[in-house]
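Asker: Residues per chain are reported as follows:
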Amino acid sequence: MAKALFQVRNLKKYFKTSRGVVHAVDDISFDIEEGKTLGIVGESGCGKSTTGRCLIRLIEPTSGQVFYRDQDICQLSRAEMKKLRKEMQIIFQDPYASLNPRKSVLQIIAEPLLYNKIMPGADKFAIEKRVLELMDKVGLAERLINTYPHELDGGRRQRIGIARALAMEPKFIVCDEPVSALDVSIQAQILNLLKELQRELSLTYVFITHDLSVVNHFSDDIIVMYLGQIVEKAPADELFENPLHPYTQALLSAILVPAVGANRDRIKLRGELTSPIDPPPVCRFAKRCNYYNQDCAAGVPPLLEITPGHFVACHRIKPGSNTLVEAN
Amino acid sequence: MGSEINDRTVQDNKELVLEVEDLIVHYVLQEETVEAVNGVSFSLERGKTIGLVGETGAGKTTTALAIMNLVPDPPGVIKNGTITVCGHKMLDLSANQLEKIRGKDVSMIFQDPMTSLNPVLTVGDQIAESVMLHENLSYSKAFKRAQEMLEMVGIPGTRATEYPHQFSGGMKQRVGIAIALACNPKLLLADEPTTALDVTIQAQVLDMIDDLKRELGTALVMITHDLGIVAKTCDLVAVMYAGRIVEYGTLEDVFDRTMHPYTEGLFNSLPDISNRKSQLQPIPGLMPDPTNLPRGCAFAPRCRYATAACREEQPSRREVSETHTVYCSAYDDPNFQIERTRGRGGNG
Amino acid sequence: MLRYVIRRLLWLIPVLLCVSLLIYVLMDLAPGTVIDSMITEQMTPEDIEKLRQEYDLDKPVIYRYVKYMWGFFHGDLGKSQVTGLSVWDSFISRFPATLKLSLVSVVFGAVLAIPIGIFAAQRAGTIWDNLTTGFTLIGTSMPSFWLGLLLLILFAYKIQLFPAGGYQGPSSYVLPAITSGLMMTAITARQTRSSMLEVLRADYLRTARAKGVPERLVIRRHALKNAWIPILTTIGMGLSRFLAGSAVIETVFSWPGIGRLTVEAVSQRDVTLACGCVIMTSILYVIILLIVDLLYAFVDPRIRGKYASGSRKRKVTA
Amino acid sequence: MSTATDMLVSRKYAKRSGLAEIWYRLKTNKGAIAGFTIIVIILLITLYSILFIDFEEVTAMNAANRLQPPSLEHPFGTDDMGRDLFLRTLYGSRYSLLIGVGGVSISLIIGLILGSVAGYFGGLVDDLIMRFSDILASVPVFLMGMVIVTVLGQSLQNLIIAVGVTAIPEFTRITRSSVLVVRNQEFVEAANAIGMSNLAIIFTQVVPNGLSPIIVTVTSRIGAAIIEAAALSFLGFGIPVPHPEWGLLVSEGRNYIRTAPNLTYFPGLFIMITVFAFNILGDGLRDALDPKLKK
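Residue numbers (the working numbering), protein chains in the order written: chain A, 1 to 328; chain B, 1001 to 1348; chain C, 2001 to 2318; chain D, 3001 to 3295.
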């Protein structure tokens, strides 16, 4: 197997608030293979966006290492980091908030070119030419070059965001819920575009979403997060065919399939997400778990490889077995 | 636009809770007019659920607000149409009469539970308010009812004295449902009730709406963009595009015997959970500008079957079966068939 | 809640220390000293030097400040350098006049202004809204001393309905109260209108209407309750402004309040009296702002919740 | 794709910038137009007075002409020293405008720097700046102005400083809160991701987007500063005589309020109209810049 592009080790991000310490990301480790897509799923507040931002150091992690091509980016100086920034970019969820409303499409896409001197000595003709190339690549018509974000619809704005990220000629892109604010028909357009770009430019993606059918469609490997921790990690096919963690099972069964009679049996979960503030050192999911018993109070369950490539963090699933131990 | 749909259901002698006939709603702004709803007709029997499906700007929410006669005016203008809720002609009533019907015969659940509850009133008071208004109960009795309603939606009655900010998103939406159901309405409008919620919470809330609806015999208009929710909750489906219904029928009609190219496009845009290698086939292009709708079929510019005629004239109405209607001129050619590629039926 | 009040009261201490230091040092820096007016031509340089020592003018300003504050915390604000009267007594004796005028104007303002603001907001864009907005705009654009003088010309000289000034009997209240009341009304009505407009757009009003709540209750129970905070702020600010800046109106109407006292003290370079007045007024000012803050909590349960847990919620990125 | 490099492709397409849209919306706002027109007229008056009215002309006494009622020759009448009030009032417009604009510039510049530093960096810097601003705000504005003028001495320049200093806390607070709103937007994060420096982010992303509430405050604050300065002058803390500042003119007129109320009417009316113009323009700007009203 090729060496992973990213190796994340014991990553933690805590936010201090006056009500306590929010454990937004709490000791997670994983690898990202070059040229693949890693999906991160979970519900709001599970730390998936924070993880994505820590990967490219938009947020300083509290502790842990993020190795990019064997270099711990958390140790880099500002100047060194600035060089690496070109290789790693991010696409945001909200195509309304992520574009500066006072800048035109030309200015937004040209900004990364100018600030990083990607085209040294280029005049404005060359810059504009490059911007037009990028616009063409993401499917924006040439005539939109002088428009402002508020004049455009969500799908086009998201294309601007993608073009801005591509301007840096990155190797790696964090896609933070890139389609959840979009309509179904536009969502499919953007997903297809992202896939095409990945093939064409051999990009590596981290794809963050709460939408399971989208992550299934888009990812090679999937991480399921719950309250700042990874509860399950597996190749996409494996995860969808054989989900092991009770939370993953519930999540998958909550998917509503657009077909008659397809949504009858569901695993019901009690309650709602608990607070990520100063969580007790037990399984975070225990309170809502349908398989809860006294074993579950024995500390935070470690993420263990149950079958090759399939990792689960649950006290009641032992390596080698393929189901919950004595599920009740 | 026809009202034939209604005639048929009347003949069946079922109890009609809602009839919307040829509704047209525009928003008249300074420089332009947004043509939000352009001739929508449908009806609903007691205890049934209809799904209004469509993307942003299809006119779903405006239709629901028109049913309540709550379209903000200005800029909203109801240009045409009749709306009958439990025998009341909503658009002809005085403000006074409307206040007696809203919350009693028909009520509504709103999309965003974060902003649709009043932050400075306790949730108990907000539920009790409509009980007091419509059933002339004393405050203490109404408050007791409010507590019962909270229990019914799965929140301890003791929390009735708390304020909305003390509840999580899912709980707030339950409160919204309790408010809507407090006076046992015959018709409930739910405007994207779970869009703002997490997946597992969404499932809880949908189940609850389903249970309560069955228990109370309420008819439900479910407004959503999510075909999964439609599949789970609805008996009838009306697919909307640019302010018009383009396909109308039972759940099975629309999902398994899809006729309209737009409906087909919606299905083809969705990732297939059972086959992750499948290709998405998005509908090309964008929703038309509602201030400047095309002369012919609004979907024609994005439709792969569109002919010159489609761009010139409004689509013809076609009754495929007793329950299934489609508005598409392509079917004027008897050999026409859409090529929906994705699996149908319960193979998901 | 109690913890919050205590914390806010404790915060008063550094504020007052800094404010008094600022004022004292500034006044001390002003050209001329207290003893200037006491020096006569007959005095020898030794006499003057003795006088300087008596008033600690030979010592650094910080020494005088510490000495002043020492007295301050012992309830002694010193004596007026011009009249020789106790600063504390002068201030207290003048305070009721200002307080009465402020309260009258606040009540006046609130009673008139809130209905006007609601009226305008509900009819936003109509001729009624434009008229009231025009009226309130003119009100906020008028200097209060000018309005006061206009009222004097009309009611005291032309038709001689009310006395031109002074502080005797209810009729002497009328003109000063109308002056400050009208300013207050204009400001508060504007604020009420804009915060009502904000609230009228809110989703929860649609929820209330969908429940069948009659329109007047929608406004009274659902909208107004949410619009209260900015309105309260304006009224609180208005009250403190009148307490502090009443100098102008008090001068126009020869009203014996603290505002005029301060103006006189400052113009006569009466450093002790001026300092005492400014510092005392600042205390009042800060206390009123504190009361307004506490009223927020009374009006808005979200703020109450924040105080109860003693903390501010911060945005947490998911 | 175009290969011709003799013309920028972006020139081919019409450009309607954000500014153009704001101007458009301002144009449709009757109040804003009225305010703008009045301000232009006052500016023209000021220009006229600078070019054609001498200081001697408005300060020279003429006992024979004392306290004349308004007439064709003296449209506003004459004061107790026989000076033409009309000329004096026109001459006085420069002071009010200078005080308004100058005072607000002082508070704007200092408030903008303090507020954006506090808002962008947060933490200890934020705490220090905001506590300083709280303390400054704890002295009632009017008293602060009075003390400053007393300390620095009476002059136009010091009046401007007094009016400017008192508004610093307000501008600091407004700048900080609008910076905070913008700072948490995703486009600032996006700028971070393309490697922009903090300084560049503040000036190209944060400030331009947080400007609307500040512009509105500037406009209406000019009006408030004019009133404040006039009130200080009225009480004898303003520009020294014989400069015909409007507040001072009202104060002088007060002595003849029974016999010659015209001395009070006119200067006060000019203050009101000027302040009204700035206030109504501020209202119009607020509507034009409010994103919520965008459709």
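These aren't lab readings, by the way, just hints derived from the structure by calculation. For each residue, glycine too, the CB sits at the ideal point set by N, CA and C. Where hints are given, some of them may not hold.
Some chain B residues well away from chain C (every beta-carbon gap over 10 angstroms; in silico) [said to hold, decoys possible]:
(1) Lys-1079
(2) Gly-1103
(3) Pro-1119
(4) Val-1120
(5) Ala-1306
(6) Ala-1309
(7) Glu-1319
(8) Asp-1332
(9) Ile-1338
Here are a few chain C residues that face chain D, going by a calculated C-beta distance under 7 angstroms [unchecked claim]:
(10) Leu-2029
(11) Ser-2086
(12) Trp-2088
(13) Ser-2141
(14) Met-2142
(15) Phe-2145
(16) Ile-2159
(17) Pro-2163
(18) Val-2263
Asker: May I ask which of the numbered hints given earlier this structure violates, with the numbers listed in increasing order?
Answerer: 2, 3, 4, 11, 12, 16 and 17
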